[in-house]
Every structure is written in structure tokens, then in C-alpha cells.
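Chains as they are written, first to last, in the working numbering: chain G, 116 to 624; chain A, 32 to 281.
Simulated from the structure, these hints should not be mistaken for lab results. Keep in mind that a hint or two might mislead.
Said to hold, decoys possible - Residues of chain G clear of chain A, computed beta-carbon distances all greater than 10 angstroms:
#1 VAL138
#2 GLY237
#3 LEU341
#4 GLY449
Said to hold, decoys possible - Covered stretches of chain A, going by a simulated chain G footprint (3 or more residues, C-beta under 8 angstroms):
#5 102–110
#6 113–119
#7 132–139
Glycine included, C-beta positions come from ideal geometry on N, C-alpha and C.
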Amino acid sequence: MSALLQFWLSHRAELAGLIGQHVLLVGASTALAVAIGVPLGIFAARRPRLSAPLVALANLVQTIPSLAMFGFLLPLPFLGGVGPRTAVVVLILYGLLPIVRTTIAGLQGIDRTIREAGVAMGMTGGELLRQVELPLAMPSIVAGIRVAAVVGVGSATIAAAIGAGGLGEYIYRGLSMVDTTVILAGAIPAAALALGVDGGLLWLERVLVQRRHPRRVKTLVAVAVLGSGVALGAAAASVFGERPVIVVGSKNFTEQLILGEIVAQAIERETGLTVDRRLNLGGTLICERALASGDIDVYVEYTGTALTAIFHRPLISDSSAVLSSVRESYASSGRTLLAPLGFNNTFTILVRGKDARASGMRTIDDAIQAATGWRAGFGYEFLERPDGFPGLSKRYGLRFKEPPKVMDLTLTYRALAAGQVDLIAGDATAGLIDALDLFPLADNRGYFPPYDAVPVARSDTLLRYPAVRRALEQLGGKISAADMRAMNNAADARREDPAVIARRFLEGK
Amino acid sequence: MTATAIEFDRVAYVQPSGVPVLEALTLDIRRGEVIALVGRSGAGKTTVLRLINRLALPQQGRVLVGGRDTTEWDPIALRRSIGYVIQDVGLFPHMTVAANIGVVPRLERWEPARIQARVAELLDLVGLTAEHGERWPSELSGGQRQRVGVARALAADPSVLLMDEPFGALDPVTRAELQGQFRSVQQRVGKTVVIVTHDMLEALALADRVAVLDQGALIACEPPETIVESTNPDVRRLLDAVLPHIRRSH
Chain G
116 MSALLQFWLS HRAELAGLIG QHVLLVGAST ALAVAIGVPL GIFAARRPRL SAPLVALANL
176 VQTIPSLAMF GFLLPLPFLG GVGPRTAVVV LILYGLLPIV RTTIAGLQGI DRTIREAGVA
236 MGMTGGELLR QVELPLAMPS IVAGIRVAAV VGVGSATIAA AIGAGGLGEY IYRGLSMVDT
296 TVILAGAIPA AALALGVDGG LLWLERVLVQ RRHPRRVKTL VAVAVLGSGV ALGAAAASVF
356 GERPVIVVGS KNFTEQLILG EIVAQAIERE TGLTVDRRLN LGGTLICERA LASGDIDVYV
416 EYTGTALTAI FHRPLISDSS AVLSSVRESY ASSGRTLLAP LGFNNTFTIL VRGKDARASG
476 MRTIDDAIQA ATGWRAGFGY EFLERPDGFP GLSKRYGLRF KEPPKVMDLT LTYRALAAGQ
536 VDLIAGDATA GLIDALDLFP LADNRGYFPP YDAVPVARSD TLLRYPAVRR ALEQLGGKIS
596 AADMRAMNNA ADARREDPAV IARRFLEGK
Chain A
32 MTATAIEFDR VAYVQPSGVP VLEALTLDIR RGEVIALVGR SGAGKTTVLR LINRLALPQQ
92 GRVLVGGRDT TEWDPIALRR SIGYVIQDVG LFPHMTVAAN IGVVPRLERW EPARIQARVA
152 ELLDLVGLTA EHGERWPSEL SGGQRQRVGV ARALAADPSV LLMDEPFGAL DPVTRAELQG
212 QFRSVQQRVG KTVVIVTHDM LEALALADRV AVLDQGALIA CEPPETIVES TNPDVRRLLD
272 AVLPHIRRSH
């Protein structure tokens, strides 16, 4: 608990900014959902044959998981892309259902006699709507807005996956760092925000039902409308406003956050251009689409991942062949693969450091003899992947005392250090390798496919800013696997800020 | 100025569902008279009111209001020139009593001060106080709501007032009180009033003429003193239901 308070205190400016972004996202999207949903509900309430399919459609939209929805929208030209715009579109789509439904219910629930009285007194359709139908349906509509806003506060946390900001930033950061404090630092204010919005709108709903103090309610509604107008304006300004010159992206795990910072700071130092960071994007595909659509200008990809996940080619183990294949594929789609950073984040076979030192083992070949008396522990994925254990044992003729144990990947490092197993397959750049004194055996028969880390940038950006290309090329070969392991360890074990780690690294070079 | 305020000329009306309601109704309503439409449920009484303010249009024949066919009237202008006290009152629950009474003047864009004065005048006319004006409809008794309904219908000083079962849901004492008040109001304002009721006694007490509708046809239209002598069996049946009261009142 005190760790949490400390985190908030030391990040208070950032926290305030994220809460502001969150409120803005939800405020703007709810206001727009009202602007679209209420007229839609009015339209549908008068055409019963239309209202059923409309509500069914809105229902359908709401069943789409939000991450999938972001995925659908990312490649679209105007609505999609990385950043708050896509998030607002998704949140509007989710908010529509409750608002349309309660608008229809509110209007259809009005006593026929009352509507008839309005018509008989000579109200036009518009006068009847404004003076009678909408005021009477208002408590029901506000109930819908309340649901939309509360759902919006929750869904907006997912918006961080596409770089829209908000409290989800902390949640994603905490998840990638496996740090509960950081997760809570985002989750608790988000929950409090949801409760606050719920309570505030519930109160408004009650006041509207009681129909007391009409003047105060009018003032309140005016303030709310004004407030969402301001939020809308601010959001529009931030969405359509001037974008910083260079946008750097990254995926959502520790190593990527550090690499994103290194790339961003290198560009800042070398070129003096303004750099906007869209770090923590939710995965390879989101980064790829963001780069293709121009929402980001550069991020660091791994050659093996680009080959299989982006370009759908079979994996090959020759690292220079993979590099040139990926470089060519990128070039033909307007992107430029720069110089590899110098490390390969592939699978690596690990043994205890003291065992390696005692027997002088350096390569997997050196371990084949001893392995017949060892136990091995692997993550589930490594046991199953074609480029994992099945191929490995075939290529090297590796045999163990008993069939390999299956366990969570992060647990295998500790199991090895504790002597529960004698050999594991880990990530070549995992910070735990140094922290637990583990030794990576060299893949001397070249079995593992290469996952060389390489910055990939939009070619048009490099043409416009040649200094950016210079900055990125200068990083070529500068980061060894040991460097990366040390930096990952600093972030994961010592909880250092990726920006600080990156600065120290660049200043040391 | 003709003496006829509303004229039905061989009017036939069939509901959208296909049920015939009126067949060849011919009826002249004179300026300033109170006419009561009497008949059993489903006799077409409410339809007559709806035809007058163009909530419905006849399939055959013509309805003339102020000498003009309702099809030639702008429906909004027509309805604003006619006061309508609808069945079950239909007060707007989200407006105060004063706001309810001021609806049509507001639609007509009167000055706020003029509306305020008019509302005060009407509250007084129907026997309510200024304090009642501040209340919500849900805070009134049934009788008070009926009075507000009448005040609302009179607000923009229409020349014609349509009343659909205005005292229908009230206890006998309140009803008698309101009927008395209606007569005194009518003496002062002198509107053309079409009042629908299923209660012959009420019709006899309030109206200058009683029109009896039966299965979509007008079977009698006479002053009360003539109608009580009617020999028409359908009229007789309606009279006999309330005859003991009539005898007692003589």
C-alpha cells in the first residue's frame, strides 16, 4: 500500500495527465455517443419495425471484444490508426447500444394520453419532442448515458494498447513489468472514476425522476453540455491538431520499452526534432499497422518475427538470409529496415553458471554428453513450436534422464537456479540470466532461427529527415545481448524507469 | 359572422382498423351554445371531437369549423384555436400546474408577463389559488386536476372548447361542484362548447342541446326539456337509467 502511495507521489504529474486523458477520452466519446445515439433512438422509436434490427446491431457491436475492435479499426483510413481517435471511435460504438436502447424505451414508455394532449393542443412534431417527449424520456436516457459512461471508463483502459493514453498506460506497463503496484496505480483511479461517474449520473437521474428544482437541473444540464462540449473541443484539437515531427512506437514488454526509449532519445540527440512516444502498443500487428498507416514512424522489430508474423514466410535459420528477405519485403511496402542493433533475442539454452565454469562448457555440443544425466524444464510454447524442442533434440541428438518438465516460462529460470532442473530454454536477453548467474550455451550448429533486433522506419520519413536515418544507423551493432540483458534486469529486477536506463546507455556509448 | 360555429355535413368515418364509427352524421353547432354528445361507449362521441380539431379526417362528407373545411385548415393553427379537455386530463407530469396552463400561450409566443397574468386569471376562474400553480400535477386531487385541464384548454382564449368526459372519473359530490362551476364559467366566457359524456344526467344539467349518438348515427338533438319527453326507444333507454334522479329534481 505504501509502495502504491509512493508510486503515485513520485508520478503525480504523469498520473494527473493520464487521469485527464482518461476523462477526456470518456467525456468526448460519451458526448458523441449521445449526439449520435439519442437522434438514432428518436428515429427508431417512431419506426418500430426499424428499432428491433437497430438494437440487435448495437448488441452485436457490443459483443465484439474491444481489442478485436481496435484491430478491425486500425487499418481504416480516417477512423482508424494509432492514438486517441481510434479509441474514441471504439468507445462511441460501445456507448451507442445503451443510449439507443434507453432512448427508445423512454419514448415508447410515455403515456399515450399525454402525447395525445400535446398534439391536441396544437404542438408541432418538433415542439412535442422538445417540450414533452424528451423531458419525459430524460430519466431513461440519462440511465443509458450512465451505463455508456461507466462502460466507457472501463473500456478506455484498453485504449492504451493503441497508444491513446489514459490510465490503461499504468495497467499495461504493470502487466509487462509483472509489477502489481503499477497495475493498481492505474486500476484504482480507473475504478474510482467509474464509481464517481456512476454516482454522479445516478444522482442526476433521481433528480430528473423527482422533477424537483427544475431551474437547478437546467443549470446542471447546461453545465454538463458545456463541459462535454469543452471536452469534445479539446479532444478534437488533440486528435486533429499538429502532430509532433517523429513518432516512435514499441510493443508492450520491458525490452521493447527500453529500445523505444533508446531510439527516441537517439533521434532527439542527433536531430533536435520533437519526438512523440507511442510506447506500449499491444503487439506486433498493432505496431505493423501503425507503421503502415503512418501513425508511427519507427519501431524496433525482430527479423524472425517480421518474416513469419508480418510477411508469412517459413522460418529459416540463416540470419543474413532472413535479414535480406525481410529488408526486401519492407522496402517493397515503403518501409526501410535499418542496421541491426547487435543482439539476437532468440531462444537460448541455459545451464547454471557454476556448472559451465566447472566443466568448461561453452556450446550445446559440449553439453550433449552430460545431458543424459540431467533433467530439463521448458515452457509450454517451446515444447510445442516446430523451432523449439522437437527440432532441437533432433538436430543435436539431445537426450535427458527423463522427459522434460513443462512449466511457466518465467518459472524455468528460477527452477534452474534452484537446482530443480539442470537445463532450460530461455530468451537470450532475459534480465534474469545475469541476475541468477545462468550461462547461455552457444547454438554452434545454428539451429535457432534469428530474431535480430532491427529498427524499421517509414521510408518517406527517412527521406524527409536524413538526420533520422543517421541517428538510427549509428545505433547499428551498439547493443550486445549482454547489454540488453543488463538493461532488462535493471527494469525488471530494480524497477528502474526505461527512460533513465536508455539515457544511461546512450551516455555510456 | 355566421351563427354556425361547427358544421358536420354527412360525415362518415371508419377507423384505420376498418371498424365503421360514424355514418352520414349531419349536425350544426351554433356559436356560443353548449352541446352535449351522449351515447353508450363506442357510439362515436370522441371521434366527433377528434374530427373537429383534425386529429382525424372524415372519409366522406365535410367538417367545417368557422365556415372552413378542416382539410383546408392548417392543423396546428386549427388546434391552437380550439381548447381541448381530453379524457383522463393528460396534464404534463414534468411541468408545474402554472406551466401546464401556459402551454398554448407559450407555443403562441406570448410575452412571459402576459402568460403569467393569464395563468393567474385562469387559476382564479376555475377556483384554484396561485399556490396551486406552483405545484406538480401529481400533488393535486382528481378534481383539482380536472380544473387545471379546463384552465389549460381555455388559456389562449379559444372560441371553441371540446371536453371529453371532463368530470368522468370524479366522485358525485366533486362532480356536482364542478358542474356548477362550469355553468358559472360558461356564463362569463360564452364559448361554443362540445361536451362528450356517457351520463345523461350531466348532459341535461349542462347543455343547451343534447345530441344522442347510437351506433354512429344521430338519433336526437334537442334541448333538455324536449329530450326528456322523447319517445325514441334508444333515447328512452338512456333516460330511464337516470330517470329517478330527474323526477327527484322536478
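So, going through the hints one by one against the coordinates:
Every beta carbon of chain A lies more than 10 angstroms from that of VAL138/G, the smallest distance being close to 31 angstroms; the non-interface claim holds. With a least beta-carbon separation of about 3 angstroms from chain A, GLY237/G fails to lie farther than 10 angstroms from that chain, contradicting its non-interface assignment. Look at LEU341/G: its CB is around 23 angstroms from the nearest CB on chain A, clear of 10 angstroms, so calling it non-interface holds up. Every beta carbon of chain A lies more than 10 angstroms from that of GLY449/G, the smallest distance being close to 59 angstroms; the non-interface claim holds.
Interface restraint, the stretch 102–110 of chain A with chain G: holds (5 residues with C-beta to C-beta distance below 8 angstroms; minimum three). Given as covered by chain G, the stretch 113–119 of chain A passes the check, having 4 residues with a CB less than 8 angstroms from a CB of that chain where 3 are the minimum. Restraint check on the stretch 132–139 of chain A versus chain G: 3 residues with Cβ-Cβ distances below 8 angstroms, three needed, restraint holds.
Violated hint: 2 only; the structure is consistent with all others.
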